[in-house]
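Take these sequences, add in the hints, and give me the full structure.
Chains as they are written, first to last, in the numbering used here: chain A, 40 to 304; chain B, 1066 to 1150.
Bear in mind the hints are in silico, worked out from the structure with no lab data behind them. Idealized CB from N, CA, C, for every residue including glycine. Errors might be hidden in some of the hints.
Claimed, not checked - Derived DEER-like restraints, expressed as beta-carbon distance ranges:
id, chain 1, residue 1, chain 2, residue 2, range
1, A, Arg205, B, Ala1137, 30 to 36 Å
2, B, Ser1125, A, Glu165, 46 to 52 Å
3, A, Lys220, B, Arg1142, 44 to 50 Å
4, B, Val1087, A, Arg144, 37 to 43 Å
5, B, Ser1119, A, Gly235, 31 to 37 Å
6, A, Ser187, B, Leu1135, 25 to 31 Å
7, A, Arg205, B, Gln1133, 31 to 37 Å
8, A, Val282, B, Gln1133, 28 to 34 Å
9, B, Ser1125, A, Arg95, 24 to 30 Å
10, B, Ser1125, A, Asn253, 45 to 51 Å
11, A, Gly235, B, Ala1137, 18 to 24 Å
12, A, Gly52, B, Ile1124, 23 to 29 Å
Unchecked claim - To give an idea of the chain B side of the interface with chain A (calculated C-beta under 8 Å), a few residues:
id, residue
13, Ala1080
14, Lys1081
15, Ser1125
Unchecked claim - Just so you have them, the derived chain B footprint on chain A, three or more residues with Cβ under 8 Å:
id, segment
16, 190 to 204
17, 215 to 228
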Amino acid sequence: MTAQVITLSSGKGGVGKTTAVANIAVALATEGVKVVCIDGDIGLRNLDVVLGLENRIVYDIVDVIEGRCKLRQAMIRDKHLPELHLIPAAQTRDKTAVSPSDMVRICNELRPDHDFILIDSPAGIERGFRNAIAPADRVFVVTNPEVSAVRDADRVIGILEAEEKRGPALIINRVNPILVKQNDMLSAEDVLDLLGIPVIGIVPEDQTVIVSSNHGTPVALDPRSRAGQAFRNIAKRLRGQEVPFMGMEKQGGLWDRLQKMTGRR
Amino acid sequence: MGWFGFGHRRSGSRAKERLQLVLIHDRTDLTSEELSVLKDEILQVIARHVDFESDAVQISVEHDGRSQRLVADIPLRSVTRRRAE
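Okay, here's the thing in structure tokens:
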């Protein structure tokens, strides 16, 4: 077993990176896949609360880097999903406490015992982002169908190209089908057209995401949630299954186009 | 007109058009002023060698996926027509 390292990044904050990491991780773990999530947002940790693991943190990633604990001791196991672990960010430090080579070293230590390592990148394109993409085999760029989020996603994709990071893919989050239908929102196809990289997931806007993060139980665990289904589909695609994009079948060429784009990675 | 073909010009189309221009600028580091200077200089050089229909000239930056290209469409005047004038 050697894990694939996937970093979720976005440039702009608040587009749903942490939610996406938590949900993809949970969806993978419910299928029995061994997953570790790493919160890369040093000083602004959040992945712990979204996963509902905030009360169980003893050590964090900076404790590992600075030798105060073993890597195993900083890995928090999920109560319900034994295959899911979280390595939390430090809350009282900043991103200079971590270097890109620290991240590479930690991931290399985790690789043999896991299937996937998901890294939640901080917003921005500075040190924290550089740390988060350093060990990545693939980077998923999370964006919303909204002008500023798409522009920032394009900057991130440009940096990934310059760094020669292979196979970036898009997660288009918070698509509102009603607004798209009345042409008051960029469609998934518009975003795809503008950014020119394959899509791995299209997630509809869904109120259950907020409710579930209030509880600390990701929507991927809710079988009725549309967003949860979209995240479960991303997990399936990651495992090599072909899954149609939800609710896109009736919209003519988009379906074929997306298939073609995802096939290109 | 929107992608869904409803015939209404709503904000989604506007967002896409604005983003297309912004992304060209971000990716090429070329402002619209710089682009217009570039166009003028290209045409000056061409004018030294051949006659062209200056009203029909089209020079623009187009994007295809992740790459940009400068596309120039410059209809030339034929020599025979020039003599006839």
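Hint-by-hint comparison with the structure:
1. At about 34 Å, the CB distance of Arg205 of chain A to Ala1137 of chain B agrees with the hint of 30 to 36 Å.
2. Distance hint check: the CB atoms of Ser1125 of chain B and Glu165 of chain A are about 34 Å apart, inconsistent with the given range 46 to 52 Å.
3. Between Lys220 of chain A and Arg1142 of chain B the CB atoms are about 49 Å apart, so this pair conforms to the stated range of 44 to 50 Å.
4. The hinted range of 37 to 43 Å is satisfied by Val1087 of chain B and Arg144 of chain A, whose Cβ atoms lie roughly 39 Å apart.
5. Look at Ser1119 of chain B against Gly235 of chain A: about 34 Å separates their beta carbons, and that is inside 31 to 37 Å.
6. For Ser187 of chain A and Leu1135 of chain B, the Cβ-Cβ distance of about 27 Å falls inside the hinted range of 25 to 31 Å, so the restraint holds.
7. In this structure, Arg205 of chain A and Gln1133 of chain B break the distance hint of 31 to 37 Å, their C-beta atoms being roughly 21 Å apart.
8. For the pair Val282 of chain A and Gln1133 of chain B, the supplied restraint of 28 to 34 Å holds, since their beta-carbon distance comes to about 33 Å.
9. In this structure the hint that Ser1125 of chain B and Arg95 of chain A lie 24 to 30 Å apart at CB is violated, the actual value being about 57 Å.
10. Roughly 49 Å separates the CB atoms of Ser1125 of chain B and Asn253 of chain A, a value that falls within the hinted 45 to 51 Å.
11. For the pair Gly235 of chain A and Ala1137 of chain B, the beta carbons lie near 23 Å from each other, so the given range of 18 to 24 Å is met.
12. For the pair Gly52 of chain A and Ile1124 of chain B, the supplied restraint of 23 to 29 Å is violated, since their beta-carbon distance comes to about 38 Å.
13. A cut of 8 Å between beta carbons decides the hint on Ala1080 of chain B: the least distance to chain A is about 5 Å, and the hint holds.
14. At its closest, the beta carbon of Lys1081 of chain B sits 5 Å from a beta carbon of chain A; the interface hint therefore holds under the 8 Å criterion.
15. Interface hint at Ser1125 of chain B: violated, since its Cβ lies 17 Å from the closest Cβ of chain A, which is beyond the 8 Å cut-off.
16. Chain B is given as covering the segment 190 to 204 of chain A, and this holds because 6 residues of the stretch bring a CB closer than 8 Å to a CB of that chain, at least three being needed.
17. Closer than 8 Å: that is the beta-carbon criterion, and the segment 215 to 228 of chain A has 10 residues meeting it against chain B, so the requirement of 3 holds.
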